[in-house]
Amino acid sequence: MPEPVLSVRDLSIAYQARRGQVQAVRNISFDVERGESVALIGESGSGKTTVGLGLMHLLPTTAKVFGGSVIYRHHVNGSDSTGREIEVLSLKGSNLRQFRWHECAMVFQSALNALNPVLRISEHFIDTAKAHGYLSGYQQTAELQERSLKLLSMVRLDPERVWRSFPHELSGGMRQRVLIALALLLEPQLLILDEPTTALDILTQRNIIDVLKELRQKLGFAMLFISHDLALAAELADRVATVYAGEIIEIGNVRTVFRHPYHPYTIGLIKAVPTLTGDNANLVSVPGSPPDLIQLPTGCKFHPRCPLADDRCRREETKLTEVEAGHKVACWHWTHAREVLKTYQV
Amino acid sequence: MSEPLIALEHVNRTFMVKGQTIKAVNDINLNISAGDILCLVGESGCGKTTTGKMIAGLLPTSSGRILYRGKDIATIKHSDRKEYRLGVQMVHQDPYASLNPIQTVYQTLAAPLQHHSFTRGEAETKRRVRELLEIVDLTPPDDFLEKYPHQLSGGQRQRVSVARALTVHPKFIVADEAVSMVDVSIRISLLKMFTRLKDEMGVGVLLITHDLALAKYFAWGGRIGVMYLGRLVEIGSAREVVNHPQHPYTEVLLSAIPEADPDATRAKKRIELRSSDMPSLLQLPTGCTFHPRCPAFMGEVCEKVVPPLEKADWGSDVACHLVQSHES
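In order, the protein sequence lines correspond to chains A and B.
Here the working numbering is used: the first residue of the first sequence is 909, the next is one more, and so on.
Here the working numbering is used: the first residue of the second sequence is 90, the next is one more, and so on.
It is possible that part of the hints are untrue.
[Unchecked claim] Quick list of in silico lysine to aspartate or glutamate cross-link-like pairs, EDC-like style, CA-CA up to 20 Å: (1) B:LYS281 to B:ASP352; (2) B:LYS358 to A:GLU1077; (3) B:LYS400 to B:ASP352; (4) A:LYS1121 to B:GLU172; (5) B:LYS107 to A:GLU1011; (6) B:LYS357 to A:ASP1187; (7) B:LYS358 to A:GLU1122; (8) A:LYS1038 to A:GLU995; (9) B:LYS357 to A:GLU1122; (10) B:LYS281 to B:GLU172; (11) B:LYS260 to B:GLU172.
I should point out that these hints are in silico values taken from the structure, not numbers from a laboratory.
Chain A extracted, bound-state conformation (with noise of 0.2 Å):
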């Protein structure tokens, strides 16, 4: 099997703030094949968000990578062998400008804000292509323009119109729409997506699972999505990862996870949730609410809201580990977690 297009090992990520250090991202490490799709899903607040920052150099000022490494791998389409590895975190000036967009491209999260209100879509997609070195000329904008039309019909809008247009002539759906459309512009091998339909309406909403779907069979990229909804998770991720409180405390694939959790969060937030098709008799909730990010907890940083805690669990880190082929999980009772559920069901 070729190398995964995407490796973070270990990453930690903390904010400065006045109280002390906020530990958003705590030692995460996963890994994402090829054309593979991986859902980051959690609450608010869990340190998802972040995570995505960090992997494009986006962090703002007060926040600061306090180690572990992500590797990149570009390949060319088609082969098996690993073309150049490019470590991320040390990306500087050109390099760094060009792994974003032309390896990795990132779909923030309000689609309402991530536009410049003053420019039209053309200028968008011109301004893009000029910045990351990608066609410049007259004889290359035509082309540039081509492409891009030819994305924004991918993303099944009016390229003509949507050309021509400025974003607030556009509704929210087709605003992220543009913005998926623009992010495929240098062909990237790796989309982020952050909360990519949160805030839009169920139709609109249906309308950009499909078209990521189907740019993904088309253009075979890989996608890491951020998100708290489960159920586009459920829709749209190959493997899905929990976090919480920093951490990765369950990942496997989407199948295994949503069918067989083992980690008494997933499992209280899976069956938190109710769904149309299901008989929703036993939706539970996981009592208590997440830690504080500056003083976090001992032990399992669950350990507070665990009806399964006991001292081992107060005073020894978990660790994720490998309970079957493919799926770990970072609990010292995974083996009877389920048993959790009764509690959260009162």
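Fit chain B to the given chain A structure using the hints.
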């Protein structure tokens, strides 16, 4: 049948935006009895929040009447008016904005109790505040009395909002997206709390939400109403609306929603719309407002005639020519 607690009769609401009229709510008729659970669902801009605000008396209607125990809330006077104002309470979407940041939980809850003379003296007020905190599962209550909103999590704040609504012994609570800003892992416990209020205190609830799966869960024993561009297009028992949707719009919505179950969501049959563009509220389509997008579009009748909301086979009320042509 006894007199409904709340009745909406041909309620309309328009807004003026830059000299143009927007029809936010269009001819809604609805009866809500004491202890009813009703979920209004729809996409943004469909008028569900406006409807909720009008029921709670926060917005006047443009035309049509809203009756509380048979009396028009626009003209209701004196003790009847007070009864209505206390009887219908609202819980807002954003628990970060709806509580006063410089008041403790105790102050927030004591103010309405004292103002409306539900309690006399500090000791009694305190006892009642503790009781209320217990009802909304903020236990032990003494831990919360002196807390300020910023010291509470989103879920806890939302519980305080509910406790505040309960101070005045309401008969009916309008909850506008009351759980959508709360973390997923604790939503169910908030919804269970609303269900308990209904079971134990007979408090009816109108939950306004864009999340149909949530509506199905919450309203399982009650009703779901689906709104589209200001109109109620389908309303019926939650079971019927979810299992046997009659209106094409309801069907499209149900088919579009991703499910938190990888197999179910990927196996779901999708219904395609004729057009994915939401029409502008400024220029509503003629006839049935859904006709430009409707997968079951039948031609002229849909373009010209507004379908009335009528009882269909399965017991739901549906506003669709197709469903009605099947009936006759």
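* To do: Please name the hints from earlier in the document that this structure breaks, with their numbers sorted from lowest to highest.
  => 1, 2, 3, 4, 5, 8, 10
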